[in-house]
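Peer 1: For reference, the chains in residue letters:
There are 2 protein chains.
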Amino acid sequence: MNILVTYDVKTETPEGRKRLRRVAKTCLGYGQRVQWSVFECSLDPSNLERFKMKLLKIISMDEDSLRIYKLHGDRENAVEAWGLDRYHDFSDTLIL
Amino acid sequence: MNILVTYDVKTETPEGRKRLRRVAKTCLGYGQRVQWSVFECSLDPSNLERFKMKLLKIISMDEDSLRIYKLHGDRENAVEAWGLDRYHDFSDTLIL
Numbered sequence: 001m002n003i004l005v006t007y008d009v010k011t012e013t014p015e016g017r018k019r020l021r022r023v024a025k026t027c028l029g030y031g032q033r034v035q036w037s038v039f040e041c042s043l044d045p046s047n048l049e050r051f052k053m054k055l056l057k058i059i060s061m062d063e064d065s066l067r068i069y070k071l072h073g074d075r076e077n078a079v080e081a082w083g084l085d086r087y088h089d090f091s092d093t094l095i096l
Numbered sequence: 001m002n003i004l005v006t007y008d009v010k011t012e013t014p015e016g017r018k019r020l021r022r023v024a025k026t027c028l029g030y031g032q033r034v035q036w037s038v039f040e041c042s043l044d045p046s047n048l049e050r051f052k053m054k055l056l057k058i059i060s061m062d063e064d065s066l067r068i069y070k071l072h073g074d075r076e077n078a079v080e081a082w083g084l085d086r087y088h089d090f091s092d093t094l095i096l
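Listed in order, the protein sequences are those of chains A and B. Be aware that the first sequence starts at 1, since it is given in the working numbering, and climbs by one per residue. Be aware that the second sequence starts at 1, since it is given in the working numbering, and climbs by one per residue.
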């Protein structure tokens, strides 16, 4: 399942900056950073559940925002990207 | 069609900060801000094309990143939101 995770973490306090680092680190373990606070992930339902639980333990419900979008169908049909594009499709054949 | 627009604009220069303001202002005209640089929009294909063209005229292809995701199916099935949620469904009946 192709998943998009986006977040806003309030970073006005040291605790907020710590949460931001932890959210980003957790996301890096499950997907690819495509923008500063946007990650694309390809996950089965159980990994998605695990990922989500980790994020929900980190964020502050009163100060931060976390959104998870399910992208149905092929990734190529669901996304258009312009400008800097950090995404690399690891399911493609790697040509060396 | 439900659309998600996400962007990173490089704001280290006055030109970049101006681009950021213009991108945000354009997005506000077409959808709802759900996070700092994430907007949800409900657009028909011609409005989506117009919106996209406006954004592409503003961003710097070398410095910024713009992504547009198409969310297929019902919005409710495509998105999960935690913490602060700015989204308001204007297609719902308004109870006063």
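Mixed in with the good hints, there may be bad ones.
DEER-style ranges, computed between Cβ atoms [what the hints assert, rightly or not]: (1) 22(A) x 15(B): 15 to 21 Å; (2) 46(B) x 11(A): 20 to 26 Å; (3) 57(A) x 54(B): 38 to 44 Å; (4) 54(A) x 77(B): 34 to 40 Å; (5) 49(B) x 18(A): 38 to 44 Å; (6) 25(B) x 82(A): 23 to 29 Å; (7) 60(B) x 49(A): 36 to 42 Å; (8) 85(B) x 86(A): 24 to 30 Å; (9) 11(A) x 33(B): 17 to 23 Å; (10) 29(B) x 17(A): 18 to 24 Å; (11) 47(B) x 33(A): 25 to 31 Å; (12) 18(A) x 12(B): 38 to 44 Å.
Quick partial rundown of chain A residues pointing at chain B, CB under 10 Å, derived from the structure [what the hints assert, rightly or not]: (13) 28; (14) 35; (15) 43; (16) 44; (17) 50; (18) 54; (19) 59.
Derived pair list, reagent style BS3-like, types lysine-lysine, alpha-carbon separation capped at 27 Å [claimed, not checked]: (20) 70(A) x 57(A); (21) 70(B) x 52(A); (22) 52(B) x 18(A); (23) 70(B) x 70(A); (24) 57(A) x 25(A).
Treat the hints as calculated values from the structure; they're not laboratory data. Source: prediction; values computed, not measured. All residues carry an ideal CB built from backbone N, CA and C; glycine is no exception.
Peer 1: Between residue 49(B) and residue 18(A), is the Cβ distance one that fits in 38 to 44 Å?
Peer 2: holds (42 Å)
Peer 1: For the hint 17 to 23 Å, verify it against the beta carbon of residue 11(A) and that of residue 33(B).
Peer 2: The hinted range 17 to 23 Å holds for residue 11(A) and residue 33(B), with Cβ atoms some 18 Å apart.
Peer 1: Once the shortest beta carbon distance from residue 59(A) to chain B is found, is it less than 10 Å?
Peer 2: This hint holds: residue 59(A) lies near chain B, its Cβ roughly 6 Å from the closest one there, short of 10 Å.
Peer 1: Taking the CB of residue 85(B) and the CB of residue 86(A), does the distance hold inside 24 to 30 Å?
Peer 2: holds (27 Å)
Peer 1: Does the beta carbon distance between residue 29(B) and residue 17(A) stay inside 18 to 24 Å, or does it fall outside?
Peer 2: Distance hint for residue 29(B), residue 17(A) is violated at roughly 33 Å.
Peer 1: Is 34 to 40 Å a correct range for the gap between the Cβ atoms of residue 54(A) and residue 77(B)?
Peer 2: Between residue 54(A) and residue 77(B), where Cβ atoms are some 23 Å apart, the hint is violated.
Peer 1: Indicate whether the distance between the beta carbons of residue 47(B) and residue 33(A) respects the range 25 to 31 Å.
Peer 2: holds (30 Å)
Peer 1: Quick one, are residue 57(A) and residue 25(A) close enough, alpha carbons at most 27 Å?
Peer 2: holds (13 Å)
Peer 1: Quick one, is the residue 28(A) hint okay against chain B at 10 Å, beta carbons?
Peer 2: violated (16 Å)
Peer 1: Holds or violated: are the alpha carbons of residue 70(B) and residue 70(A) at most 27 Å from each other?
Peer 2: Since the Cα atoms of residue 70(B) and residue 70(A) sit roughly 10 Å apart, the hinted pair holds (cutoff 27 Å).
Peer 1: Given the hinted pair residue 70(B) and residue 52(A), is their Cα-Cα distance within 27 Å?
Peer 2: Holds: residue 70(B) and residue 52(A) sit about 22 Å apart, inside 27 Å.
Peer 1: With chain B as the partner, please determine if residue 54(A) meets the hint condition of a C-beta pair closer than 10 Å.
Peer 2: For residue 54(A), the interface hint is violated, since the closest Cβ of chain B sits about 12 Å away, which is over 10 Å.
This entry does not satisfy hints 1, 2, 4, 6, 10, 12, 13, 15, 16, 17, 18 and 22, going by the numbered hints stated previously.
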